[in-house]
Amino acid sequence: MKFMHLGDLHLGKSLGEFDLTKDQEYLLNQLLEIIEEQAVDAVLIAGDVYDKSIPSEAATRMLNYFLSKLAEKKIYVYMVSGNHDSDERLNYGSELFEKNHIFISTKYDGKLHKQTLKIRDEEVVIYLLPFVKASQVKHHLPEAKIESYEDAIRAILEQEEIDKTRINVLVAHQFVMGKSFDPELGGSESLGTQNVGLVEKIGYDCFDGFDYVALGHIHSPQQMGRKEVRYSGSPLKYSLSEVNNQKSVPIITMEVKGKVDVELIPIQPLRDVRHIKGTMKELLDQQEVTATEDFIYATLTDEEIISDVMGIFQQVYPNTVKIDYDNSHTREMEQIDISKIAENRSFEELIGDFYRQVYSCEIGEEEMDVMRTVAREAGVLYEAD
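Our numbering applies: residue 694 is where the sequence shown begins, and numbers increase by one.
Hint data in this document are derived by calculation from the structure and do not stem from the laboratory. For every residue, glycine included, the Cβ atom is placed at its ideal position computed from N, Cα and C. Just so you know, not all the hints are guaranteed correct.
Said to hold, decoys possible - Only pairs whose alpha carbons sit at most 25 Å apart, straight line, appear in this in silico SDA-like list of lysine to any residue:
(1) LYS857 <-> ILE944
(2) LYS826 <-> ARG847
(3) LYS950 <-> GLN916
(4) LYS807 <-> HIS794
(5) LYS970 <-> MET1026
(6) LYS766 <-> ASP954
(7) LYS766 <-> ASP802
(8) LYS804 <-> VAL818
(9) LYS695 <-> PRO959
(10) LYS952 <-> GLU765
(11) LYS766 <-> ASP716
(12) LYS715 <-> GLU765
(13) LYS894 <-> LYS766
(14) LYS950 <-> ARG847
(15) LYS1015 <-> SER1000
(16) LYS767 <-> SER941
(17) LYS894 <-> SER913
(18) LYS826 <-> GLU843
(19) LYS800 <-> HIS833
(20) LYS762 <-> TYR719
Claimed, not checked - Taking CB as the label site, the calculated pair distances span:
(21) MET1061 <-> ARG1024: 29 to 37 Å
(22) ALA1068 <-> THR714: 37 to 45 Å
(23) TYR719 <-> VAL936: 17 to 25 Å
Please put together the full structure from these sequences, using the hints given.
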């Protein structure tokens, strides 16, 4: 039995000011071709299907197209929601979808939903774990001792009494780590953000009862602890931090209990994301310029700031996303201890300086009160201040 493992499609996403609809449509058609070539039986989609909780019309159209093509080919689909998805919107029409073998789980309701897939003489039990918070688990399992995020996930799994004699697959959108290391991060999912935090870490050994764990949430493709616990990674590069990623899609072959084969099929994007570095003259030298339609992040080493640099670059690379500098001035700035700037200065003095820099005038008392309120809510200003 063959599975395709997808995650973090982020349909409807843009890169800077550039719309990625054509790139994502190209990707989905490429995935359909791989499914045909590899004779895939089922597709596992591990969350962050959409980029926003209220997806665009283009995003919903793309998902509808992709699922319709899979239904036509009689491919089974098992999909969970991620932290970017809206439970209600992704789940809309799920009962109708099930008639076409498309199974969607978007919200934990006290039970880990599962489906048994039987093709030919092979049988696999597929469990669906959407993105879930510890507070949700506590609500549904009040008797469980839950003091951490990992406790919550273990409590969910222990409820199921998983039959380890069968072939079990889990589709999940969570932040899973190794015993002594974190996953290599990329894209929007990074430590310290709202989406992935230290308290959300889950040890990969939570999933020892599963023959394969199809993970979503981290954009860099990688295995966690063992090759059968894997992040597919986002199929497209969505940020500068992903420029060196070789994007691929895992094809999972399972024949008998305990035997899992993972093959990574490379994905070729319509337009790549590249980082180029050098002087303006070097980077725009006609003999060096290649693939001008790619999305470009440029780092200039020129000592002087160049006027209308984006306009000049976009004449050669029309899809230039961002330009920054790496020279003696920027390196000097990096050495400045920012904490010293605020030393022995009041909140009002710092905000006043900032306001003068931006607006070239003094901040009013009413506006200062607004800034104080915002700072208190953010936890950076206390009443004593």
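Cross-check of the supplied hints:
Taking the CA atoms of LYS857 and ILE944, the gap is near 23 Å; set against the 25 Å cutoff, the hint holds. As the CA atoms of LYS826 and ARG847 are separated by approximately 13 Å, the hinted pair is consistent with the 25 Å bound. Restraint check: the Cα-Cα separation between LYS950 and GLN916 comes to about 20 Å, which is no more than 25 Å; the hinted pair holds. Proximity of LYS807 to HIS794 is assessed by CA-CA distance (about 13 Å); at most 25 Å being required, the pair is judged to hold.
Using a Cα cut-off of 25 Å, the hinted pair LYS970 and MET1026 holds, with the two alpha carbons roughly 19 Å apart. Distance check on the hinted pair: LYS766 and ASP954 sit about 23 Å apart at the alpha-carbon level, within 25 Å; holds. With a CA separation close to 31 Å, the supplied pair LYS766 and ASP802 exceeds the 25 Å bound. Between LYS804 and VAL818, the direct Cα distance comes to roughly 15 Å. Compliance with the 25 Å bound is thereby established for this hinted pair.
A C-alpha spacing of about 17 Å is found between LYS695 and PRO959, which places the hinted pair at or below 25 Å, so the restraint holds. For the proposed pair LYS952 and GLU765, the alpha carbon gap of about 30 Å is over 25 Å, so the pair is violated. The straight-line distance between the Cα atoms of LYS766 and ASP716 is roughly 23 Å, inside the 25 Å bound, and the hint therefore holds. For the proposed pair LYS715 and GLU765, the alpha carbon gap of about 23 Å is at most 25 Å, so the pair holds.
Taken as a hint, the LYS894 and LYS766 pair is broken in the structure, with Cα atoms around 38 Å apart against an allowance of 25 Å. Of the supplied pair hints, the one linking LYS950 and ARG847 holds, its CA atoms being roughly 23 Å apart against a limit of 25 Å. Proximity of LYS1015 to SER1000 is assessed by CA-CA distance (about 15 Å); at most 25 Å being required, the pair is judged to hold. Annotation: proposed proximity of LYS767 to SER941 holds, straight-line Cα distance about 23 Å (limit 25 Å).
Our distance criterion of 25 Å between C-alpha atoms is met by LYS894 and SER913, whose separation comes to about 17 Å. Taking the CA atoms of LYS826 and GLU843, the gap is near 10 Å; set against the 25 Å cutoff, the hint holds. Annotation: proposed proximity of LYS800 to HIS833 holds, straight-line Cα distance about 12 Å (limit 25 Å). Between LYS762 and TYR719 the alpha-carbon distance is near 14 Å, which keeps this suggested pair within the 25 Å criterion.
Roughly 35 Å separates the CB atoms of MET1061 and ARG1024, a value that falls within the hinted 29 to 37 Å. Here the CB-CB span from ALA1068 to THR714 is close to 39 Å, well matched to the stated 37 to 45 Å. The beta-carbon spacing between TYR719 and VAL936, approximately 19 Å, falls within the hinted interval of 17 to 25 Å.
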